[in-house]
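Line by line, the protein sequences are chains A and B. If you read the first sequence in my numbering, its first letter stands for residue 55, the second for the next number, and so on. If you read the second sequence in my numbering, its first letter stands for residue 145, the second for the next number, and so on.
Derived by calculation from the structure, the hints in this document are not laboratory data. Each hint should be verified, as a subset may be incorrect.
Unchecked claim - Straight-line alpha carbon distances no greater than 30 Å define the calculated DSS-like cross-link-like pairs of lysine-lysine that follow: (1) LYS370(A) with LYS476(B); (2) LYS134(A) with LYS386(A); (3) LYS476(B) with LYS321(A); (4) LYS415(B) with LYS268(B); (5) LYS160(A) with LYS190(B); (6) LYS268(B) with LYS386(A).
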Amino acid sequence: MLPTLNRSSLRAISHHGRRLLSGAPASGGGDVGVGQEILEVKGPSGGGVGGGDKQDTVKGDISSPTYGVKYNPGMPLDLKWVESVAVNKSGLEQRATQLGGRRTVKKVYQAAWLLRAISCIDLTTLSGDDTEGNVRRLCAKAANPVRHDILEKLGVPSNFGLTTGAVCVYPARVKDAVSALEGTGIPVASVATGFPSGQIKLEHKLAEIEQCVEDGAREIDIVLSRDKCLRGDWSGVYEEVKLFKQACGPNVDMKTILATGELATYKNVSKASLVCMMAGADFIKTSTGKESVNATLPVSLTMMRAIRDYYDESGKEYRVGYKPAGGISTAKDSLSYLALVKDELGDTWLNNDMFRFGASSLLGDCERQLHHNAFGEYAADYYMPSA
Amino acid sequence: MLSLRTLSLPSPLHRTLSTPSITSLFTSMSYGPAPEDDSAARSWIKSHDGKFGAFINGEWIKEGEVVDNVCPSDGSILSQTHQAPISLLDRAIESSEIAYKSWSTLPPHHRARHLYSIARNLQKHSRLLSVIESLDNGKPIREVRDGDVGLAVRHFYYHAGWAQVLNEEMPNYSSLGVVSQIIPWNFPLLMLAWKIAPALSTGNTVILKPAPNTRLSAFLFADILKESGLPGGVVNVVSGDNEMAEAMVSDTRIDKVAFTGSTNVGKHLQKETAGRGIKLSLELGGKSPVIVYDSADLDGAVEGLVNGIFYNQGQVCCAGSRLLVQENIYEKFIEKVKRRMSTLRVGSSLEKNIDMAALIDETQKKRIQEFVEIGREEGADVYQQTECPDGCYYPPTLITNVQSTSRLVQEEIFGPVLVAQTFRTPTEAIKLANNSKYGLSAGVWTEQLGLALETALSVKAGVLWVNGHNNFDAAAGFGGYKESGFGREGGKEGLYEYMKLKWKSRGQKTVSDQIIARSDNWGKETLAPLPSSPTSSSTGLPSVDRTPKMYIGGAQKRPDGNYVLPIMSHDGETLLGQVGAGNRKDVRDAVQAANKAALGWGKRAAYNRSQILFFIAENLSIRKEEFAKRLDAMTGCGEDEGMKEVEESISRLFTYASYADKYGGSVQETAFYGVTTSVNEPVGVIGMVCDDGERPLLSFISMIAPAIVRGNAVVVAPSEKYPLAATDLYQVLDTSDLPGGVLNIVTGESAVIAKTLAEHQHIDGVWYFGDVEGCYNVQKRAAGNMKRTFVCSEGRDWMVKQQGEGEEFLRESSEVKNIWMPMGESMSGAGAAY
């Protein structure tokens, strides 16, 4: 059993100057008052994945959630563990398929879940034609993700402060985003290390990370060297990711993009997940959005199980976040992912400190679905302020 | 030990909780209620004025005592049913018999059209069927919607296909007649489909009795049949209780009984139908093992268990209720299982956010509670972490610290209770898996192909799931080994249960009272014969005595009783020889030898088995004149006829030597990403009693050859009257490399040997060719350990190929195992879920 406040929660409070949603979990908290209150709700002691520990298990309709905070100092590379990974495709896919049929949320529950989904979005633009202009527009949307009349109708208080989890851009756009988001508390995430292919030299990768951090990015999404993964050079992957983490520094979250679509097998995904976590990743992330296959539920399940195994292996101390990215574009999809997180990792992971969607069009669909929830009618997309 | 918190989850039927605020839900992230709308189901019930009855000849007949149809989720009354009085059964059978005349003679395409129509209409009403089934049975709506209904539909499509091609695919077979089908409450609609679809497709008509507590889907099905345009009488649904079931079995107009339910009832039915020449298929209980090796995907295996034991609240005959975990991963794995169990949700059956719903009734709940209580008393650890609503619910339960000696490990609980044990090696895993009177299904989890296959082929069960559990499809047979029953449902193997060879009659269907009355004395040993006149040769010297002994374990063994029986020539004037009078102990020794030999023999390469059979034929051929003379001396058939019989015997040996490597099974075309393969495994040890007909050598060869070549070990009683044809074979066998114990021959009185064979619990199957009385007694006595029986009182002309050899014998020599092997490694590719 861990103490109510551990190192990680303190760290989270100290380095994120973000405001928290009222009554809501978020990535740490600048607003100490609310943050304290939340942290006192329940200890971040493993919550839903606590297994036999009834007290911490959240369930049913009378639950009070526990919020965990990311904490991963990394560990020495354990190749024996990496090589012994077993993933059975049919078993995996069956579970991933069945979950959609076993869990659903309706009415006000659904609205609440969609708000939660929105709070977990890394609102993203990663295009060759990105300019300061469209990045600013995106940032404005991140700060005001849902039309106010919809929120009002749903009974969301005006001081609720719903925002997306972060805004995610290319390195060249970090400064634009940081300036656009000033005062919102929304962190800027930047992709780096030769995104999306990673086919640049190591020194350039490291320099890129350092530049992004210097420009104000608080989260860095790095890509793995797929050549190393596919050749089974896991110690090469480990060493590189460790260097990336060093370059990020202590106050920046590092998300490691596995590019699962290019790793070909679930087993590779599982191995890569473990290696990244051992190397100190704060999040493991599926895809760049540029591969032909991006986030899927079975891949997510694979990675979540790796997160859980890693958590277990660390004596239930190290908690790594999860970020599916690419291809998640409907409100319904987002609910399936949240249910998967809830059932596989537990409520501890069900907040934007531990979980993110990498998505661009998802927000629009969530907003339209919330409109339907609020007013009982389906809205055209042009009724929603665009990002 | 922890106490269960009782929590009233919102029930769709009685919702009282007020809706929480959106912000509190944003914080709690709870699932909330998601009830299925049941208004259409209730309006269907209303359209019947809330009362159902029997569906006979296409009409509803509402007669008899009225009983309630209870909704297990909340104990409310859904509707009522008139329980058909036994007198209505007469009407049902009459209408079935009339309908049979036209239904069985419909052109195949017409029958196919009818089945197709049923499939289509079921599909159209799938939502209504789902809700009705869920309300009536208490199972989660999600399971019915995603499982039962789709599978039921699939069975009708699949068998519509069989109806269409039946004449081409099974030209030697015809329908049986009127079939009684009795189904259980755990999968009311699916079991109905498993029973009715193959019966109709092969041209039979049906009287179906649903379980008393789950009748509604059968009634709705009856409505759908009307809509589908099925002629009246082809399917009759009778509402009734056990008394009705008994009447459906005992009626002498019935041609077959198909039953799914408990092993005890199954044994009862085996006795009830004994000797009547009617067919019986039984799908009974199980205590199916799930073997988890250290090379498994442990998280995958955990999900396999969830699907295996918590599916339908564990009220599944093939539930994976016995967890066997390799010792070195036990703690880790059990922690994973517990963690997963803590996220399972139990609630009302129409609620979509649940994994488990209501048990069928309080009786079942009490039974489960009692079992778990036994576990507690024995000092086992009971893990229960899930909140349950009040009422007929039981939480998912894991029992650890429990040994094979516990009743919890041996007996079928039929609830969401998993018992866990450990093993050290694959050999031990297989041994523990087989340490059960049941043999319905098994699961094996490993990423090592070789280990998976070896385990799958070594566990004695009818359905083997590799890295999965509870995969079903109409194209693969389902059914068990040992006391899990016999016969298969689904696949081509399932069709035989509803068909007979064309040359066979419909069976006499009844056994006389006298036979039944003297049954207790049947097969008792009679007094040994007294010494008779000596055999002499033309020289005046006594001939060198060649009294054959028993042939047991590859050696000649003196009969235990040390009595002999005289074998006279056909004219009764010459003593041809004497044979040992086999008794219980001779049979016991033979069975022991057979069991010892069976394992190794079954694993020999088919090529090797065929070589040995060819060798027997070769050695018989060398001595054919001698055998022909002997046949003539015994039966008086004349040497020419004797020679014909010997030649035919050699040919028959050739036939079955040929089938050593041509009857292994097939690939089943299921809707499954992977390979589903049916393997024809040996039954094990088969006891046989030959008839007393005029072809003693050929009948003997015709019976033992298929059994042996398909890997069984045999204990056989040759013709009582003409045993020398068999005993003369000893030397042939000795010179043919047949391993000792594979074929054991016990001479003596047929009834004595038959009785002992039928009652011996270490025999897996028994064949009896003789009179009705023998058939009756053998089948009745075989029920003790549910041996598969193959009996024939009609008499066969063994010289006619159609009657004396072929697929029938190969099938009776085999137990069909269906192995499900999923495939895939890469994330993309055909069949990937995403």
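Hints, one by one, checked against the model:
Our distance criterion of 30 Å between C-alpha atoms is met by LYS370(A) and LYS476(B), whose separation comes to about 14 Å. A C-alpha spacing of about 39 Å is found between LYS134(A) and LYS386(A), which places the hinted pair above 30 Å, so the restraint is violated. Taken as a hint, the LYS476(B) and LYS321(A) pair is honoured in the structure, with Cα atoms around 20 Å apart against an allowance of 30 Å. Distance check on the hinted pair: LYS415(B) and LYS268(B) sit about 41 Å apart at the alpha-carbon level, beyond 30 Å; violated.
Only pairs whose Cα atoms come within 30 Å are accepted, and LYS160(A) paired with LYS190(B) is accepted, the gap being roughly 29 Å. Under the criterion of a C-alpha separation no larger than 30 Å, the hint pairing LYS268(B) with LYS386(A) is consistent with the structure, at around 26 Å.
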